[in-house]
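Participant: So the chains spell out like this:
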Amino acid sequence: MTTLKIPTPLRYYTEGQAEVTVSGSDVAAAMRNLVEQYPTLEQHLYNGNGELRAFVNLFLGENNIKDLQGLETPLSEGDSLRLIPSIAGG
Amino acid sequence: MSLVISEEILGQIYAHGEEAYPEEGAGFLLGYDDEQRHVAQIFVTENAREDEARHNRYLVTPQEYLQAEIAAELLGLSLIGVFHSHPDHPNRPSEFDREWAQPFFSYIITSVNAGKAVESRSWRLAENRSIFEEEQIEIEGIEG
Numbered sequence: 001m002t003t004l005k006i007p008t009p010l011r012y013y014t015e016g017q018a019e020v021t022v023s024g025s026d027v028a029a030a031m032r033n034l035v036e037q038y039p040t041l042e043q044h045l046y047n048g049n050g051e052l053r054a055f056v057n058l059f060l061g062e063n064n065i066k067d068l069q070g071l072e073t074p075l076s077e078g079d080s081l082r083l084i085p086s087i088a089g090g
Numbered sequence: 001m002s003l004v005i006s007e008e009i010l011g012q013i014y015a016h017g018e019e020a021y022p023e024e025g026a027g028f029l030l031g032y033d034d035e036q037r038h039v040a041q042i043f044v045t046e047n048a049r050e051d052e053a054r055h056n057r058y059l060v061t062p063q064e065y066l067q068a069e070i071a072a073e074l075l076g077l078s079l080i081g082v083f084h085s086h087p088d089h090p091n092r093p094s095e096f097d098r099e100w101a102q103p104f105f106s107y108i109i110t111s112v113n114a115g116k117a118v119e120s121r122s123w124r125l126a127e128n129r130s131i132f133e134e135e136q137i138e139i140e141g142i143e144g
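As they're listed, the protein sequences go chains A and B.
Every letter in the first sequence is one number past the one before it in the numbering used here, and letter 43, counting from 1, is 43.
Every letter in the second sequence is one number past the one before it in the numbering used here, and letter 17, counting from 1, is 17.
Since the hints were made in silico from the structure, they are not lab data.
Source: prediction; values computed, not measured.
Glycine included, each C-beta is placed from N, C-alpha and C at the ideal position.
There may be inaccurate statements among the hints.
[Stated by the list, open to error] Residues from chain B shown here face chain A by an in silico Cβ test under 10 Å; the list is partial:
| hint | residue |
| --- | --- |
| 1 | Y58 |
| 2 | V82 |
| 3 | W100 |
[What the hints assert, rightly or not] Take a look, some chain B residues computed to stay more than 12 Å from chain A by CB distance:
| hint | residue |
| --- | --- |
| 4 | V4 |
| 5 | Q12 |
| 6 | Y14 |
| 7 | A15 |
| 8 | D34 |
| 9 | Q36 |
| 10 | A40 |
| 11 | A48 |
| 12 | D51 |
| 13 | H89 |
| 14 | A114 |
| 15 | E127 |
| 16 | E133 |
| 17 | E140 |
[Unchecked claim] On the chain B side, residues computed to face chain A include the following (Cβ under 8 Å):
| hint | residue |
| --- | --- |
| 18 | L66 |
| 19 | E69 |
| 20 | L75 |
| 21 | L79 |
| 22 | H84 |
| 23 | Q102 |
This is chain A alone, in the form it adopts within the complex (with noise of 0.2 Å):
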């Protein structure tokens, strides 16, 4: 199991909670899993072709997983992941 840290902005739809606890042999499967357990944060991440929304920075320990194997970065026990929106427009 990995905990995740989920930022403000995203927690009315984890019922509040600022750490959440997902399953998942790597990111990929950690995000998927993530939504399944709350199943309204999934329009939010994911856009229409079901990738990651833009937005959605993912840090493993202190290193962002662009930097690692991306969304195949392995996770193992007690990984900690956290959620970390790109706060952008124009």
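Knowing the structure of chain A, use the given hints to seat chain B on it.
Facilitator: Quick look at chain B alone, frame taken from chain A:
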């Protein structure tokens, strides 16, 4: 739910938009919700977009997001939204704003025309993400 903000804090948002002009300026709204949403403080951020894009785009790095979230928690507040300026453009959200918007957050947009902040409006993303809906701003300290 309307957004309650003091004249003083709105003035800080105006000032930040004017300082950033002709580029976009941005930051976070810290506050709390009861029957209404209250802005208690702002957290100013750097515009992390590349030089040539800052006139019509803003970006807050994940590191600054985290700093703002921690600052809010230390103050017993929450991140309740984002403010940014639209230099020489109306204070309505762009399509780009909508694509990148977070649910739950209030988005205050301030028009800065020829270097002078003129008006702010606040917007919230609809649950199905299709549109932004305007939220009333109530300015404390102004009668009526």
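Participant: Determine for every hint whether it applies to the structure shown.
Facilitator: Hints, one by one, checked against the model:
1. Y58: holds (6 Å)
2. V82: Constraint on B/V82 satisfied, holds at 6 Å.
3. W100: holds (4 Å)
4. V4: holds (19 Å)
5. Q12: Check passes; 18 Å lies beyond 12 Å.
6. Y14: holds (18 Å)
7. A15: Non-interface label stands for B/A15: nearest chain A Cβ at 20 Å, farther than 12 Å.
8. D34: The assertion about B/D34 holds, with a minimum of 15 Å to chain A.
9. Q36: holds (17 Å)
10. A40: holds (14 Å)
11. A48: violated (9 Å)
12. D51: Correct as stated: the minimum Cβ-Cβ distance to chain A is 15 Å, above 12 Å.
13. H89: violated (9 Å)
14. A114: holds (20 Å)
15. E127: violated (8 Å)
16. E133: holds (16 Å)
17. E140: holds (23 Å)
18. L66: holds (6 Å)
19. E69: holds (6 Å)
20. L75: violated (13 Å)
21. L79: For B/L79, the interface hint holds, since the closest Cβ of chain A sits about 4 Å away, which is under 8 Å.
22. H84: Holds - the Cβ of B/H84 comes within 8 Å of chain A, reaching about 6 Å at its closest.
23. Q102: holds (4 Å)
The earlier numbered hints that this structure contradicts are 11, 13, 15, 20.
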